[in-house]
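Asks: Here is what each chain is made of, one letter per residue.
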Amino acid sequence: MSTAIESKETRNYLNAGYDLKSWLLTLDHKRIGLLYLFSISFFFLLGGLFAVGIRLELLTPPGDLFQSETYNKLFTMHGIIMVFFFLIPSIPAVIGNFLIPIMIGARDLAFPRLNLLSWYVFMVGGTLAISAALMGGIDTGWTFYTPYSSTYSNSNVMVTAVGVFITGFSSILTGLNFLVSIHRMRAPGMTWFRLPLFIWAHYATSLIMVLGTPVVAVTILLVGVERMFRIGIFDPALGGDPVLFQHLFWFYSHPAVYIMILPALGVMSEIISTFTRREVFGYKFVAFSSVAIAVLGFLVWGHHMFVSSQSVYASLVFSIITYLVGVPSAIKVFNWLATIYKGSVSFGTPMIYAFGFIGLFTVGGLTGLFLAAMGLDVHVHDTYFVVAHFHYIMVGGAIMGYLGAIHFWWPKMFGRMYPEVPAKTAAWLVFVGFNFTFFPQFLLGYLGMPRRYHQYPEEFQIFNVMSSIGASVLALGYALPVFYLVWSLKKGEIAGANPWGGTGLEWKTPSPPPTENFEETPVVTEPAYSYHKEEFELVKS
Amino acid sequence: MGTKFAFFPEQASSFASSVDNFYFFMVALSVFFSVAIFLTLVFFSIKFRRKSATEVPAPFHGGMALELTWTVIPFILVMVMFFWSARLYFTIVTPPAEAVEMWVTGKQWMWKIQHLAGNREINELHVPVGKAVRLTMTSEDVLHDFYIPAFRTKMDVLPGRYTQLWFKATKPGKYHLFCAEYCGNQHSGMIGSVYVMEPQDYEAWLAGAAGQGTLVERGEKLFAELACNNCHRPDGTGRGPNLEGVFAKAVQLESGQKVTADENYIRESILNPQAKVVAGYQGIMPTFQGLVTEDQLVQLIEYIKSLKGGPATGTQSAPSADGV
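In order, the protein sequences belong to chains E and S. Read in the numbering used here, the first sequence has 261 at position 211, and its numbers run on one by one without any break. Read in the numbering used here, the second sequence has 119 at position 125, and its numbers run on one by one without any break.
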């Protein structure tokens, strides 16, 4: 930890080169992580702007702000940008890229060039999606349901589909790189059960990326084939089957939700352990629960299709397996609570995000059990209840995890501390704003308001207004970090190697780390999360 | 209820209250767990807050008993949810045999309904109170979904096949009908009303369409106009199988398979006759794809359903094992 003081002067990955080429052709996983950080922040802003349009329109029952066509494009592009270009890459591509090699004690990922390629592939896909938006947008919903997407829609389906298709490859490359790195690049002594739980979570995530993404790529390709060459695959008028599309789509897109949430679960384990100075309770249970969620996640896609004309017996099987996913999810929450028990709890901003995450993930998870219930799903399927539920998981869970991670590792990435007061304010704004935005949507859904409605009957207005007001608080909470984080780059307090007293290898190298991560290859001699009183006393003196 | 501020839609079908009861159970359980987790979190965080900068709590590595407890209890709870909701689901998707039949066709962006008596309506559905109603539904274009929140039921409406939805309305009144599956531009305009009427009012309403011809009558006319009756003869001497009494019976196919002659089979046999040819016949029937509309298909099906099998039954030549 003595390296902390000179971290500003020493050579690190940030001052290794200043010209554009040193960034755009970098093979350093940390720099690639930052490239992703800037790109997905832009996409988040873009997706957020579409959401602003949606919330403004829904303030009043009649469709008076936008044309229906425009409104439909707004929610479609909001979904596509947020899901494929923000949520899926968020934690893995930014935080995972930056940290996985450091956490396992390696100099880089197994395939640095592939890693850079994945960013370029991502940007090509993203550029296509944006150009589709500029050309007039797409109106199929992010789910691309056929035969609307393959035959009827007059919007830019092909350009967007190709964009999503190409972006899928960046996911596959990232997942592959992580898997190989975790298998082959661990430092001496870093056994499987000494890995930080963040690594276990990313291992599970990578499995889904590698196994699931090809399926959605093929599916989107088939939509394109039907659209361009009129070959009947999904459109019954051409001899196809529209329900087949739903099977293929959800075979990837349900596991994709776990691509978004599993890394956040991994982040939580790191934050909670560090801020309680305690080994994560039931390490192996938490580790294997990630793998269990990833594996079971592949067998539950049909729960999106209880009213699709799918066989009722198939629905039974999908329902029961979905319920099983609830068990490993509950295991994680209880283990975190047990970690806090008799810990030494401190309340830094990342911990505030962790508390928020546990709350929102609990509500999101529990309402998932409502939707897994076949008899209840018939009523709430395709209503705002579903919209509320998946935002609790994907925004309440994944984005809380992402923001928590950004704050937790910010000092490591840039060597500077962010200011605590505005950071905590932002965390609270996000938590309160989020609940105000999305909790009313549960009520709206049970009341019967279908999703993707441009205009709606009057009795739904009150909840929609609440939701729109909450969204403006949420927007404030999201905007605030941009200012103080940028401010902190120059003005923040020098962080030192280990500002939180963490135990992971990332805290044993200077902040920001040198290009090669470690001056010499670290040797791991004890399990993850081993806190020692002597070390804290040393820091104090 | 019925005001501008409500938390639940009205309970207006036979299973609405069962769905709500299950919902209340889920809400109670969720509130219990959310509050319990929240309070535990707050309590632990305050009680075990860091007291000195160098404090390091004594490590402990978890306990099998605890892990098993919070694995087994959630498991039991989710299994209770599964069985309860699955039972509910089977009630919701299984129409009783005596249900009154109606036909629904969805298209961008309207609902068309045909009653057996011949009444047709658009974006409105009139049903009697206290009687089970079964809707057989299809779409002319993209996916739609027939959703009546007050009845707590919905079902996707697909092009190229029939799906079913049933309910027994319990309370006269006017209720929302929504399209719940995104279907393009005017998706949120594809809405209507369900009118639940007292039986005598419903009869009077039905009588309003007298003289237009019932679905069966229109189907019979169409059957003749399209020259179906040239081959499908009641005496079994035609080039196609006799259709009398065929509905809902098992049919032996040329391929050796057996299918039930339900609405979907008849529909397919009209639009794509070569798909499932009845044993003993040649696949010579031309397709009627593009020649009959969805509405006309419904009329033809109703006519075929009405052919209960007359004196010609015994002479049918299709060598079905069941003697159909």
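There could be a bad hint or two in this list.
Cross-link-like lysine-lysine pairs, in silico, PhoX-like; alpha carbons within 20 Å at most [as the list claims (entries may be wrong)]: (1) E:558 <-> E:590; (2) S:45 <-> E:590; (3) S:41 <-> S:106; (4) S:243 <-> S:168; (5) S:106 <-> S:45; (6) E:558 <-> E:541; (7) E:541 <-> E:474; (8) S:45 <-> E:583; (9) E:392 <-> S:302; (10) S:243 <-> S:215; (11) S:270 <-> S:243; (12) E:392 <-> S:45.
FYI, nobody ran anything at the bench for these hints, they're computed from the structure. Just so it is clear, the structure is predicted and the values come from calculations on it, not from any experiment.
Asks: Each hint needs a verdict: does it hold in this structure or not?
Replies: How the hints compare with the structure:
For the proposed pair residue 558 of chain E and residue 590 of chain E, the alpha carbon gap of about 17 Å is at most 20 Å, so the pair holds. For the hint linking residue 45 of chain S to residue 590 of chain E, the alpha-carbon distance of about 15 Å falls within 20 Å, and the restraint holds. In summary, the hint linking residue 41 of chain S to residue 106 of chain S is not supported, as the alpha carbons are separated by about 64 Å, beyond the 20 Å threshold. Straight-line distance between C-alpha atoms of residue 243 of chain S and residue 168 of chain S comes to about 38 Å, which puts the hinted pair past the 20 Å bound.
Among the hinted pairs, residue 106 of chain S with residue 45 of chain S is inconsistent with the structure: their alpha-carbon atoms are about 71 Å apart, more than 20 Å. At most 20 Å may separate the alpha-carbon atoms for a hinted pair to count; residue 558 of chain E and residue 541 of chain E exceed this at roughly 24 Å. Of the pairs offered as hints, the one joining residue 541 of chain E and residue 474 of chain E holds, with about 18 Å between alpha carbons and a cut-off of 20 Å not exceeded. A hinted pair counts as satisfied when its Cα atoms are at most 20 Å apart, and residue 45 of chain S with residue 583 of chain E qualifies at roughly 14 Å.
Restraint check for residue 392 of chain E and residue 302 of chain S: not satisfied, since their Cα atoms lie roughly 77 Å apart, outside the 20 Å limit. Taking the CA atoms of residue 243 of chain S and residue 215 of chain S, the gap is near 24 Å; set against the 20 Å cutoff, the hint is violated. Annotation: proposed proximity of residue 270 of chain S to residue 243 of chain S holds, straight-line Cα distance about 15 Å (limit 20 Å). For a cut-off of 20 Å, the pair hint linking residue 392 of chain E to residue 45 of chain S stands: about 12 Å separates their Cα positions.
Checked against the numbered hints above, the structure breaks hints 3, 4, 5, 6, 9, 10 and satisfies the rest.
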